[in-house]
Structure formats: structure tokens, C-alpha cells
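The whole structure should be built from the sequences, with the hints applied where relevant.
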Amino acid sequence: DAGVIQSPRHEVTEMGQEVTLRCKPISGHNSLFWYRQTMMRGLELLIYFNNNVPIDDSGMPEDRFSAKMPNASFSTLKIQPSEPRDSAVYFCASSQGQGNQPQHFGDGTRLSIL
Amino acid sequence: QQQVKQSPQSLIVQKGGISIINCAYENTAFDYFPWYQQFPGKGPALLIAIRPDVSEKKEGRFTISFNKSAKQFSLHIMDSQPGDSATYFCAASITGRRALTFGSGTRLQVQP
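Taken in order, these protein sequences are the chains called A and B. Take this note's numbering: the last position of the first sequence gets the number 114, and nothing is skipped along the way. Take this note's numbering: the last position of the second sequence gets the number 112, and nothing is skipped along the way.
Calculated from the structure, these hints are not laboratory results. Mixed in with the good hints, there may be bad ones.
[What the hints assert, rightly or not] Taking lysine to aspartate or glutamate pairs in the EDC-like style, the calculated list, with each CA pair at most 16 Å apart, reads:
(1) K5(B) x E44(A)
(2) K42(B) x E14(A)
(3) K5(B) x E26(B)
Following this line, the structure appears as C-alpha cells:
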């Protein structure tokens, strides 16, 4: 079974550039989560969607960050303009059904902003 | 505000020993407590989870102990193996809200 697929796996770009991270959730899963992992702050939830609708975006750091889920099989996290402090590993996760179902994580995108 | 505090930050255990990782939470509305295991270069993967209506849950060598009155829970890894070397995260969530609040992680190294 294909798990959560994230692309790219690594991204290095210069400050000020637009960055787009992509995620394909597991087929049939109706919830999608974006997390950010850093040494200083650990794993933080940025935003999550249920049935393609953003439910909680309170973790999005600032207006430079935006996330979309145009359909059940695709989501993007965009940073514009990017800053060095955005350097982190970004994870996408998905889950199915109601209640406390396991969240299945992708292998992440390691983002470096120079 | 850190809602889930995890300790220790790192842990070294000999092969065959018991690894113990502790977490404490503040929000009494939390009612689901999973543990995730993360290997380098990979995303976290669910290991085991517990709800507060039980005090202990065991799956193979992994056991969660839960103390509702103290708002604490812990992961015990029995007969620790080098393959268990990874970073472990406790987490908590509220049923219906789905979002997980993670602890800061424990890097476990099991020496052969």
C-alpha cells in the first residue's frame, strides 16, 4: 500500500523565494495534517483539513504561509516569501474516519532557506 | 505553552534492558494518548496508544502506563533491542478535534 507521499524530499532555496510543498494522502483518508519539525520547537501542527476543508489553521506561523487542499488526493503548503527561520522538516499526515484514528505520516520535506 | 512535557531528552540503555520514557500533560480535556516512533529520515509512526479509562496497555514489548490523577503517562520498552534505537514522541489529543499535541521527543539509543 502506498503511504503518504510528499515532494520534494529536499528543497534548498534562497530567502525571498516562493516554496511549495506537496502531499498526496493515503487513498480513502479524509483528514490531512501539516506539521513542522525543528530542534527548537519539536513537532508543531500547522493546519489540518477534514474532507478538504481547513478546520484549524491556528498553527500557521504568519501570513507568509498558506495551505490548500483542492481535492481529496492532493494538498500544498506554500511559503511566500521564504525566510531562513522557515528552515525545518515539514511533514504531511493523513487519517481516516472519525475520532482518534492513527495519523500516517509521510517521510517529510527537508527545507533549507539560505 | 507546552501542554505535553516529555522526559528524558535522551536515553541510553543496554540491550535487554528496560527503557522508560515519561510524559505529563496539563490539559484535562485530553482523552487520547498515542506514542510515535521516528527513525532518522522518516516520519513518525504510531507505536501504541491509550485512552484514560484504562491504566495500562501492552502490545508486545511495549507498554503504556497511565495515571489520570497525576496527569502522567509513560512508555516502557521491555527487552530493549538495538533496532529500537529511535526518537520517541508522546502525544495527546481531544476526541473530535484530531489535532495532536506532541511532546519534545526522547532519543533512545540501545547499545548492543
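Structure-based check of each hint:
no.	hint	result
1	K5(B) x E44(A)	14 Å, holds
2	K42(B) x E14(A)	25 Å, violated
3	K5(B) x E26(B)	9 Å, holds
Hint compliance for this structure: hint 2 alone is broken.
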